[in-house]
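Using the hints, position chain B against chain A.
Given next are the chains, with one letter for each unit.
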Amino acid sequence: MAAGSKSIDHDDEGETRRDFLFLTAGSFGAVGAGVVAWPFVSSMNPAADTLALSTTEVPLDKIPKGQSITVMWQGKPVFVRHRTDKEIEEARAVNQAELSDKQDDSERIKENKDEWLVVVGICTHLGCVPVGQKTSQSKGEYGGWFCPCHGSHYDTSGRIRKGPAPKNLAVPPYEFLSDTLIKIG
Amino acid sequence: MGSGERVEFDNKVVNWIDERLPLFTLMQKEYGVFPTPRNFNYFWNFGAIAMFMLIAMIATGIFLAMNYTPHVDMAFDSVERIDRDVNWGWMLRDIHMNGGSFFFIAVYIHIFRGMYYGSYKKPRELLWILGVVIFLLMMATAFMGYVLPWGQMSYWGATVITNLFSAIPFVGDSIVTLLWGGFSIDNPTLNRFFALHYLMPFVILAVVFLHVWALHICGSNNPSGIEPKGKQDTLPFHPYYTMKDTFGLLVFLVIFCVFVFYAPDYLGHPDNYKEANALVTPAHIVPEWYFLPFYAILRAITFDIGIPFTEITIISAKLGGVISMFGSIGLLLILPWLDTHPIRSARYRPKYKFFLLVFLAVFCMLGYVGSQSADAVFFGLPMTLIGILCTTYYYGFFLVIIPWLNNTEKGKDLPKSIHDAVLKTEREKA
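Top line first, the protein sequences correspond to chains A and B. Counting from 15, one number per residue, gives the positions in the first sequence under the numbering used here. Counting from -4, one number per residue, gives the positions in the second sequence under the numbering used here.
With the rest of the complex left out, here is chain A (with noise of 0.2 Å):
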């Protein structure tokens, strides 16, 4: 393009005009691509119908000590978990130094709700359900949860303690509404 248009005599200033209009043009139509695209990106992040699904009421007064039940949230299953003191004691007793993702028990509960665990039931792995709900499935080597799919095990805090997750399962937003209802959300 330069070599071509030496040749018809322009000056220079004619040159650095047409760079200039090629430049800004090149990178409004950049801006303007991505702003077309953008829609069509957000259109694909969970809508509005979806967003509304976020709370969900537990009664607890229906677990007994030592057992656990799967409730849905978001789609996902939450396990509550009514812990038995010795479960407690174990969850307490860890040393920190030992805990990959160091998190002390009482951060993973509500104060002076020690009996309650409230987990999102899902791996941190690659997101499998991890077993140990029911009293007849295996509750890995730590008292908590195991998950099958990888071999991950969780203690009696839902903290990860051997296996390819990196992380403890998750604490989901919760409150007591009374000593026996909690909203999840």
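This list has only true hints and no planted wrong ones.
Below, simulated DSSO-like cross-link-like pairs (lysine-lysine); rule was C-alpha separation at most 27 Å, straight line:
| # | chain 1 | residue 1 | chain 2 | residue 2 |
| --- | --- | --- | --- | --- |
| 1 | A | Lys148 | B | Lys269 |
| 2 | B | Lys117 | B | Lys24 |
| 3 | A | Lys90 | A | Lys148 |
| 4 | A | Lys124 | A | Lys181 |
| 5 | B | Lys117 | B | Lys346 |
| 6 | A | Lys176 | A | Lys79 |
| 7 | A | Lys90 | B | Lys269 |
| 8 | A | Lys153 | B | Lys269 |
| 9 | A | Lys153 | A | Lys100 |
Examples of chain B residues toward chain A, derived with CB under 10 Å:
| # | residue |
| --- | --- |
| 10 | Thr154 |
| 11 | Val171 |
| 12 | Leu173 |
| 13 | Arg294 |
| 14 | Ala312 |
Every beta carbon over 12 Å from chain A, so not counted as near; a handful from chain B, in silico:
| # | residue |
| --- | --- |
| 15 | Val2 |
| 16 | Tyr103 |
| 17 | His233 |
| 18 | Pro303 |
| 19 | Pro337 |
Just so you know, the hints here were simulated from the structure itself, not pulled from any lab data. Even glycine gets a Cβ: it sits at the ideal position worked out from N, Cα and C.
Quick look at chain B alone, frame taken from chain A:
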């Protein structure tokens, strides 16, 4: 393409069209008289076989889509209805289901052929890269297709694979939410997977077109790995290789039909005949067989990589597994630049041949490891150990052995020409 010389056709209609759009000239040039090395063996059938399988998948897929419902409440039942009530639905579905497996069989043999005879070397690097792109697109398509019947393996396989993206630092979780269109695999996910599963085969078809175009620019490689030097080294594609390809395809289809009609579910997993359930994870999630070696590489990394003697983790076990898995295919992309040895064919490279055959065995072993549960034991050794050893060989083959052979392997003497090599073997036989 097409704007070059034209031949006259005797048929007036053909000639009239060809003058305006030289389709017949193109076919004549690229598939009729196209000069092809005369020494192909049956390994050279699998490109044509893969092409046939792609067309068969698109054809059966379009008709299956007419009876399939991409909704979480109806998908599973609509597939059962195809099997039981739709006229010939069982056959369309079994061809499609097993066709996926046989497409992968053809493509795996095709890729191995390329590695054995050095088909990726100059000037065929781009041809090879387009092939790897097709392989990646096939994997994405097959994965999304497997989700559509909405069985337990569909659901949990999709959960595991989409969760791979959550290993990406900082943006991982947002990407997973974007892929799902929600907070778990659900109806939005099924819907978009159906849309993309319908689209992707046509994208594959477009890349196959580029792959074949690139092939027709530099011509086929051949078992000797030396370029044809003249007319005595080649045969016209038709009728010599149209016949050879058709024969190979028919043998392949006989085996295919045995599976379709006598063992349609042999390559599948019984758990996928249970409807998807978000609350129950199957005890043992396995992908389809053609993903198993890569699944084993994913699971091989069970340790964090960090700075020694500190507690700082740079790459978590999860991210490490994901990187290794994608990296194992990434290595194929750069293979033309890893292997710079001047001899193409393993026939004349005994050391490369040995390590490549070990690689093949290791790859199959990885497939076996991938099919077993994480805590399985193999002759007294933990399966995770076998997995990491095989993964190490996989990487070592590309990154250590091949570069080492570049400088050390002398290789055998190459024949003077294809013509010469063919006559020599014929003389020896006589």
